[in-house]
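As you go down the protein sequences, you meet chains A and B in turn.
Take the first sequence: its position 62, counted from the start at 1, is 62 in my numbering, and no numbers get skipped.
When you read off a place in the second sequence, starting at 1, and then add 1000, the result is the number in my numbering.
By construction, these hints were calculated from the structure, which means they are not laboratory data.
Be aware that a few hints might be false.
What the hints assert, rightly or not - According to the in silico footprint, chain A covers these stretches of chain B (three or more CB under 8 Å from chain A): (1) 1037-1044; (2) 1101-1109.
What the hints assert, rightly or not - To give a feel for the contact side, a few chain B residues facing chain A, derived at Cβ under 8 Å: (3) Asp1031; (4) Tyr1032; (5) Phe1089.
Where a beta carbon is used, it is the ideal one built from N, C-alpha and C, also for glycine.
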Amino acid sequence: ETGVTQSPTHLIKTRGQQVTLRCSSQSGHNTVSWYQQALGQGPQFIFQYYREEENGRGNFPPRFSGLQFPNYSSELNVNALELDDSALYLCASSLIQAGGREQFFGPGTRLTVL
Amino acid sequence: GESVGLHLPTLSVQEGDNSIINCAYSNSASDYFIWYKQESGKGPQFIIDIRSNMDKRQGQRVTVLLNKTVKHLSLQIAATQPGDSAVYFCAESSNTGNQFYFGTGTSLTVIP
């Protein structure tokens, strides 16, 4: 186990709703990255947070937003949910002073949008 | 955008045999590569990494080969065990390393 935890494990929402996913990073890590993994696909980078600010973003619309808290935990918020948002959402923590290259993943939150 | 792909979506090997999983990438600026293992219901688990200034790196039972000329990466698993059954992803990044691009994945099945 990596020490990265995510909640909830599963979630069902309907189109148009909003959702908040949570992640607690591994002890000592200061950077959190969020990924979306569609069924049968590799994870796709959404964004990264460092020092409570966004530190890089992938090709996702603004309705995907995030927060990082002083204890380095993080939230992923998705507004106006669409059917294609159904996926496994993964967070990964790393220590940016160590180069931030080795990322430790949590088990993910499975989001289903109906 | 980035393009990281795997040659074979599935691979079946006999227990004890060696496994080779291949990956192609398209960004010549990529300078860091990671292989991840993902078991059902779990997040990706780091296996081994390699930087672009190397062409080979070995770990415990695993070896990663990097051919920058043809933008190809491979993961070799020696003496494959049933516990190695999983989906394997290659991922690459460049420069700051805060964004990783993952391939689609190869599903490895080890036959006892």
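Structure-based check of each hint:
Counting residues of the segment 1037-1044 of chain B whose beta carbon lies closer than 8 Å to any beta carbon of chain A gives 4, which meets the minimum of three for the stated coverage. Here's how the segment 1101-1109 of chain B fares: 5 of its residues keep a CB closer than 8 Å to some CB of chain A, so the rule of at least three is met and the hint holds. Interface restraint check: Asp1031 (chain B) against chain A, minimum CB-CB distance 10 Å, threshold 8 Å, status violated. Proximity of Tyr1032 (chain B) to chain A holds as hinted, the smallest CB-CB distance being about 6 Å (cut-off 8 Å).
Hint status for Phe1089 (chain B) relative to chain A: holds, with the closest Cβ pair at about 5 Å, below 8 Å.
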